[in-house]
Amino acid sequence: MNRVFNNLSATTGQTEFTLKINISSLKNSGATYQTLVIQQVRAYQNPVVDLTPVEGDGKLAGKPWQANTEEEGPYEKLIWSASNNITLRSTGEGSEDEIEVVIGKKQCSGSDYCDDGALNTGTIYSLQSRIYVGPVYKTGCPIYLRTETKMGGIYALFATFGLATVATLVVLGTMFIKFLPNEKAVQRIDEIVEHTDRARMTEPAVLTSTCVSDRTVSKPFPVQQTRFLGFLEECRRDNLEPLKARYEWIENRSKERLADPEFSVSVGQMTENRTLNRYVDIVPYDHNRVQIGKSRKYINASQVYAITPYRSSARPTHINRDIIRYIATQGPLPTTCGHFWQMVLEQEVNIIVMLASGSKSSQCEQYWSEEMRNPKRYTIEGDEVAVILTSKVVRSTYVERKFTVFLANNMELSRTITHLHMTSWPDFGEPGLEEFHEFLDRYRVLRAREDEDAPTLVHCSAGVGRTGTFICADVLCDCVERNLQYIDIEGIVDQLRKCRMSMVQRNIQHIFLYKFVEKLLLENRENGQIANGRC
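Letter by letter, the sequence shown follows residues 1219 to 1753 of our numbering.
Do not rely on the hints blindly, as some may be mistaken.
Said to hold, decoys possible - For lysine-lysine, the following PhoX-like pairs were computed, each having C-alpha atoms within a straight-line distance of at most 25 Å:
#: 1; residue 1: K1281; residue 2: K1324
#: 2; residue 1: K1620; residue 2: K1610
#: 3; residue 1: K1610; residue 2: K1594
#: 4; residue 1: K1594; residue 2: K1515
#: 5; residue 1: K1281; residue 2: K1323
#: 6; residue 1: K1733; residue 2: K1437
#: 7; residue 1: K1462; residue 2: K1737
Worth flagging that the hints you see were computed from the coordinates, not collected in a lab.
All chains, full assembly: derive it from the sequences and hints.
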């Protein structure tokens, strides 16, 4: 199962891309073909995508490469067939479930859709997964890769195809039912999706239910605090479409960064670091990744700088790189729990905020012992780290723990850690406003007692969706508490995404932030003032 997320990669050459794709979810699923729709990207315009299932004639819908060589439109390349007449070579790593696909080179025979030709150098291409089940097919959202220039050194912009493959099956399992006479095939796809763990696929997935529009979305202007409640009510009357457009701006800004060397992710994509990532498509930027140990080892964690909120068009929302306010990280893997605690000690963390609802290995390995005074030990570079649970208080929606963490050979390097674990945030939704406010309020009370220079470590599973939402809500609390004139949710999210990709990963989380600010403002109106220690 982990191969779907950890053992997929994309390497780029001057005229081709090489993808390693796990196809275990396709076998015996009822799917008949999988193809790639490939197109050169110009001016960073997204390919137009219709996510509605299309009923065709059972044949491949797009043009093969040979028929499209004189045009600039997309072409379709066959990469998997349920029949035996199309075969791609395995990766040679002992798994028949993993195939190697080379974009820019012919690899198979028996179909015009096997044909392929050299790509242009130094060029961004979009790749879209297309799955066929009988006569019905569905095209997913694009991912982006860039070929190297002749000078070399151009990295893959986004290599997430294995995840996109499985995420496409999520949609197939829920949307193909009304088209297909073969209900057993649909049920089988649902079983595959369930088996590969929906929670792990959906939170970090690039392939979502809606794609970023190819139309230009202008920068959203911050909302005046005095107009915020009326603005949100107007959005509700318009079925929240204005908020959707604002989120599209965030997504478009993130897409533009794919080609910006400042936001390279080359270290996280190195072969030796690949197995340290919970999800292949969520890795830290090189410029602000946390480095551990004297050897500056890799860990999937990002420094998140303090956010200076919007004051005027001359003083917009921006990050203050002199202050590291948070560390955003993935839920530890079984092999990275020791690295996690090493980071906590070295970065002098006092508070850990955990937002994954459970501590199952599918979302987050449990990195502590629930037995009081019985330490959990990890060995790192010859040193033993011991983690001791010293207290535990269970609330209705969260658990507050205290840990003592120390190196066995250096008792002076020890810390007392407060662990706030929100257990009520659903995997596929938003938390309750009251429960979330109570949790955030408790965090802010604890933070006020600690060294303000110490960063707070925040994680969920991928360390971007719920993590980004929590951090953004904390910043918004500061804005409301200080009675600032403007509320700039999009600007804050955009700045957070300069620190870690995909922060506030879904529009539902973006909308939740609006509802959270609404709650704060309504409470302030009722109370006439902000309670001490509570935004």
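Next item on the list: Provide an ascending list of the numbers of those earlier hints which the structure does not satisfy.
Entry: none
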